[in-house]
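Chains as they are written, first to last, in my numbering: chain H, 16 to 374; chain A, 16 to 374.
Please note that the accuracy of each hint is not assured.
Just so you know, same-sequence chains aren't split out, so a pair can sit in one copy or run between any two.
Unchecked claim - Lysine to any residue pairs mimicking SDA-like chemistry, simulated, CA-CA at most 20 Å apart:
| # | residue 1 | residue 2 |
| --- | --- | --- |
| 1 | Lys31 | Tyr363 |
| 2 | Lys301 | Ile125 |
| 3 | Lys301 | Gly143 |
| 4 | Lys31 | Arg356 |
| 5 | Lys301 | Tyr363 |
| 6 | Lys301 | Glu139 |
| 7 | Lys301 | Ala312 |
| 8 | Lys301 | His331 |
| 9 | Lys301 | Asp329 |
| 10 | Lys301 | Asp223 |
| 11 | Lys301 | Pro335 |
| 12 | Lys301 | Arg131 |
| 13 | Lys31 | Glu52 |
| 14 | Lys160 | Gly170 |
| 15 | Lys31 | Gly362 |
| 16 | Lys301 | Ala126 |
| 17 | Lys31 | Ala59 |
| 18 | Lys301 | Arg135 |
Calculated directly from the structure, the hints in this document are not laboratory data. On a predicted model such as this, the values are computed, not experimentally measured, just so you know.
There are 2 protein chains.
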Amino acid sequence: VGTGLIGASIGLAARKSGVEQVTGWDPDPDALAMAVERGAIDEAAADLGAAVAAAQLAIVAAPVAAISDQVEATLEVSDSSCTVTDVGSTKGAVCERVTQRERFIGGHPIAGSEARGPERATAELFQGATWFLTPVAETTPERYKLVMGFVSAIGAVPQAMDPDAHDRLVALTSHLPHALANLLLNQVGEARVDGHEPLDAAGGSLRDMTRVAGANPRIWIDIFQHNAHELASALAEYRRRIEELELARAASDAGYLARWIGEASLNRRRLLDDVYPNPCDIHRLKIQVTDQPGIFAGITQTLASEGINIQDIDMHHVSPERGGMLELLVAGQEHADEAARLLGAQGYLVTVSAAFARE
Amino acid sequence: VGTGLIGASIGLAARKSGVEQVTGWDPDPDALAMAVERGAIDEAAADLGAAVAAAQLAIVAAPVAAISDQVEATLEVSDSSCTVTDVGSTKGAVCERVTQRERFIGGHPIAGSEARGPERATAELFQGATWFLTPVAETTPERYKLVMGFVSAIGAVPQAMDPDAHDRLVALTSHLPHALANLLLNQVGEARVDGHEPLDAAGGSLRDMTRVAGANPRIWIDIFQHNAHELASALAEYRRRIEELELARAASDAGYLARWIGEASLNRRRLLDDVYPNPCDIHRLKIQVTDQPGIFAGITQTLASEGINIQDIDMHHVSPERGGMLELLVAGQEHADEAARLLGAQGYLVTVSAAFARE
Numbered sequence: 016v017g018t019g020l021i022g023a024s025i026g027l028a029a030r031k032s033g034v035e036q037v038t039g040w041d042p043d044p045d046a047l048a049m050a051v052e053r054g055a056i057d058e059a060a061a062d063l064g065a066a067v068a069a070a071q072l073a074i075v076a077a078p079v080a081a082i083s084d085q086v087e088a089t090l091e092v093s094d095s096s097c098t099v100t101d102v103g104s105t106k107g108a109v110c111e112r113v114t115q116r117e118r119f120i121g122g123h124p125i126a127g128s129e130a131r132g133p134e135r136a137t138a139e140l141f142q143g144a145t146w147f148l149t150p151v152a153e154t155t156p157e158r159y160k161l162v163m164g165f166v167s168a169i170g171a172v173p174q175a176m177d178p179d180a181h182d183r184l185v186a187l188t189s190h191l192p193h194a195l196a197n198l199l200l201n202q203v204g205e206a207r208v209d210g211h212e213p214l215d216a217a218g219g220s221l222r223d224m225t226r227v228a229g230a231n232p233r234i235w236i237d238i239f240q241h242n243a244h245e246l247a248s249a250l251a252e253y254r255r256r257i258e259e260l261e262l263a264r265a266a267s268d269a270g271y272l273a274r275w276i277g278e279a280s281l282n283r284r285r286l287l288d289d290v291y292p293n294p295c296d297i298h299r300l301k302i303q304v305t306d307q308p309g310i311f312a313g314i315t316q317t318l319a320s321e322g323i324n325i326q327d328i329d330m331h332h333v334s335p336e337r338g339g340m341l342e343l344l345v346a347g348q349e350h351a352d353e354a355a356r357l358l359g360a361q362g363y364l365v366t367v368s369a370a371f372a373r374e
Numbered sequence: 016v017g018t019g020l021i022g023a024s025i026g027l028a029a030r031k032s033g034v035e036q037v038t039g040w041d042p043d044p045d046a047l048a049m050a051v052e053r054g055a056i057d058e059a060a061a062d063l064g065a066a067v068a069a070a071q072l073a074i075v076a077a078p079v080a081a082i083s084d085q086v087e088a089t090l091e092v093s094d095s096s097c098t099v100t101d102v103g104s105t106k107g108a109v110c111e112r113v114t115q116r117e118r119f120i121g122g123h124p125i126a127g128s129e130a131r132g133p134e135r136a137t138a139e140l141f142q143g144a145t146w147f148l149t150p151v152a153e154t155t156p157e158r159y160k161l162v163m164g165f166v167s168a169i170g171a172v173p174q175a176m177d178p179d180a181h182d183r184l185v186a187l188t189s190h191l192p193h194a195l196a197n198l199l200l201n202q203v204g205e206a207r208v209d210g211h212e213p214l215d216a217a218g219g220s221l222r223d224m225t226r227v228a229g230a231n232p233r234i235w236i237d238i239f240q241h242n243a244h245e246l247a248s249a250l251a252e253y254r255r256r257i258e259e260l261e262l263a264r265a266a267s268d269a270g271y272l273a274r275w276i277g278e279a280s281l282n283r284r285r286l287l288d289d290v291y292p293n294p295c296d297i298h299r300l301k302i303q304v305t306d307q308p309g310i311f312a313g314i315t316q317t318l319a320s321e322g323i324n325i326q327d328i329d330m331h332h333v334s335p336e337r338g339g340m341l342e343l344l345v346a347g348q349e350h351a352d353e354a355a356r357l358l359g360a361q362g363y364l365v366t367v368s369a370a371f372a373r374e
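Go ahead and model the full structure; you've got the sequences and the hints to work with.
Now the structure itself:
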């Protein structure tokens, strides 16, 4: 129900995983036609009732603002044997409002994409992605197994959670960061300092921190409105923490600052723990590169041919004229130094440093 | 004066650029010996007086907290013909306190590095980097030309600015983002949601936004203390903006949210303007990759051999077992689609989308 990017990707993945019959419907006839053309659905239904008439599982992939109504409509026109789920980014409201509570299980795949529409759909969108499911007291094991089995079958990793806890979690890990990025970028963007525009002097830290700023307003206005309560709590707590920092700063409390930075350093390591089991072993190579085809290939080929594994790669592009700085992470000082030597011999300017601050 | 990472890198760059005689001194004898061993200085002086006795230009590269005293000491023991500059991250205090105002010009190279010490020094550290200079009313053109000429000679791009304006600028573009990253990471790190640790569920946006969190406390405590006034203003303004957002949110003011996100989108484009002259033309390829040597080389070589230029490259590493997601930016939809086709034919799972949100 809804054949946009997410709905059509679910259709493609479902058909690929061997689901017998995938029927789709979308209020927008163009989106529906495109879903057929892309092979995302076996059949385009004439209306919602026809779409879910014979369905064992109905997946509502509407915009957040429309999800609750669409879930209700889907429950009404479908058989009581049909289980209904959704893909909205917030779960509290839809799970609270739903009437036939035993037939609905909320869902939320973490499969962000800047793309829109069925023309960009792909069966691989959910490969390895966390897919939150929010069963409630009335949920039966059979229906939960059905949704969980489907989510697993299309490559995602189901994770069960209470609907309100889900909203608190994504408020912290996704909605708060988005809001803070917008706030920061607009503050720097509006500022004028002595005739200079600070935005023009911004370095890598500002660019990293505002990567998600200005994201699709159609999606984000809905999210901010629908997770209002949890986002408000997170923002208020953030504001409280700024005040605490301001007080410590005003009192020149260096001990506070040291503990505060130390805590951030530990949290950063926790964040990267799954990614780099031994972060102290990781070294960063910074390589100045020009903006021309084949540069990356040459560099990565050089390292691969010596058996040096690149753990991570990140390009800080400056301009077409000046090229930029390529950062590679490599495990082991010897590998890092060897890589620097090999690339230095090819004329590259390379620096090596430990990638993560030590205690 | 001070042969740590920055001082020794200046020495290496100066010698490389043809400066006749580079003399160094450091209160730490090990750092001084290492600077000699690295070839960063022609001669290690026995004390500060000996170091600057015959100097035309003295560069003070001490930690921020010690810079003001070290600048004074250097001015006292050097000849009146000697011009003195520094490399501290804040400029207001040192320029205000300095006594022989016509002989001192503040400086601040934007050459961040996680590395420390002369053993990691490199002559290329300042290549293409902005190097702020903060002349004051008493500064003579001759002395300014000397410092500017030196900075240019070692590869940096000098930019003149009022000392207080400099501090306001870096408060916005660097110190505020650092503080906000620490605040965000500690808030998410401390939170517990229904038995879950939100940090463990964090996605790419949180990782990007906290990249600078927990950075070297020795440097950052000093910076937060020395740019206290400007950082306090920036934090208070940020807090005010959160409150404004909270009010708009509480009033369900969707128009405010739309304007706010739209403004962020425009600012994001301004930020990337120099980097991508035609951002709407840039497409993002997301490629699932495993964690093994040669993967990057194979992919980049494939694209290079077809003349497809990679504008930007970014690896989102998940774990050694699961590999991760490689993101490439490519100019032009045709190039992006061709790249996806080529890599798809090699068995990679690839998605393509416009890299930057359109209006």
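For this session: Return the numbers of the hints above that this structure violates; sort them in rising order.
Result: none
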